[in-house]
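Go by the hints and put chain B onto chain A.
In case you want the letters, here they are:
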Amino acid sequence: NAGVTQTPKFRILKIGQSMTLQCAQDMNHNYMYWYRQDPGMGLKLIYYSVGAGITDKGEVPNGYNVSRSTTEDFPLRLELAAPSQTSVYFCASSQTLAGAKNIQYFGAGTRLSVL
Amino acid sequence: DAKTTQPPSMDCAEGRAANLPCNHSTISGNEYVYWYRQIHSQGPQYIIHGLKNNETNEMASLIITEDRKSSTLILPHATLRDTAVYYCIVTYAGNNRKLIWGLGTSLAVNP
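From first to last, the protein sequence lines stand for chains A and B.
Under my numbering, residue 206 is the last one in the first sequence; the count climbs by one each step, no gaps.
Under my numbering, residue 113 is the last one in the second sequence; the count climbs by one each step, no gaps.
If we strip away everything but chain B, and leave its shape as in the complex, we get:
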């Protein structure tokens, strides 16, 4: 499984877009990028995932570079409730029980 690198912490003003980067330079062609978040030690919550195309859902957008070596999670209008630790995870496309969790990025949304 490819490893990921994320900044340990970021700040964002309430109402502005939060752009969280993730480096996964060793990703292979059949590995997906998943994003989860964990609010104040609650159970992690799935946000979005993608293979090579950009993805958008009601929570966020995922932008994957053309070479797939990095991605950015975008929260378009961050609120105080988006303060959380965000995990970027790469997982094999086939049957794979493992999600390798790193330390994530601690996002603080400030009023």
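This is chain A alone, in the form it adopts within the complex:
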């Protein structure tokens, strides 16, 4: 009954370093999403995927990359970390994109600080 699992929970990076945020879901959902949430703000979509091998940009994709080699996993890559990427990152999945049933299930988040 894990749902959406994100690792790590916390990370501190130095400017220019790179890292991968991991996301895995065990609900066999085709659709997966990465969001970022800055303090006191709502969520903003970074990238999403409609299935293995298919990804697309969201509202704020600059500075990030994604891949989707399996249904279960959707890692988010930061290549050259910048202070502006300090945020909380949430991964989510849903069974469908259709508005009537686009219920998204979220992970617990990764809190990232870039110093």
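Calculated from the structure, these hints are not laboratory results.
Being a predicted model, the structure only gives us computed values, none of them experimental.
Accuracy of the hints is not assured; some may be wrong.
Computed far set for chain B versus chain A, every beta-carbon distance over 10 angstroms [what the hints assert, rightly or not]: (1) E16; (2) G17; (3) K71; (4) R83.
With a straight-line Cα cutoff of 30 angstroms, these simulated DSSO-like cross-link-like pairs (lysine-lysine) come out [to be verified]: (5) B:K71 x B:K5; (6) A:K192 x B:K71; (7) A:K100 x A:K192; (8) B:K71 x A:K135; (9) A:K105 x A:K148; (10) B:K5 x A:K148; (11) A:K100 x A:K148; (12) A:K135 x A:K148; (13) A:K192 x B:K5; (14) B:K54 x B:K71; (15) A:K192 x B:K54; (16) A:K135 x A:K100; (17) A:K135 x B:K54; (18) A:K192 x A:K148; (19) A:K105 x A:K135; (20) B:K5 x B:K54; (21) B:K5 x A:K135; (22) A:K192 x A:K135.
Glycine included, C-beta positions come from ideal geometry on N, C-alpha and C.
Same frame as chain A, now just chain B:
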């Protein structure tokens, strides 16, 4: 996608009903209203959604006005664990990957 407007904060006494309003005056006929909540910076949690009829589940009730320009989320007997930020989101009925998240309403349930 239609935009939503919510009050930034509300208070409610424990055990009483919490009524959270949302204005979505530009909603179109094929857009759904979704409600999520976020407890203390955890991942958001789905609550309920609807198109035009009122909806009820084990967590809450959703009342949508007849003209669909506003809605109210009702937590019938609020508990301290309902203290959270509540987001009202309008999303297209077709295949749409985006949920446009506003700032939500910070609900404080007081003992």
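Check each numbered hint against the structure and report the violated ones by number, ascending. none
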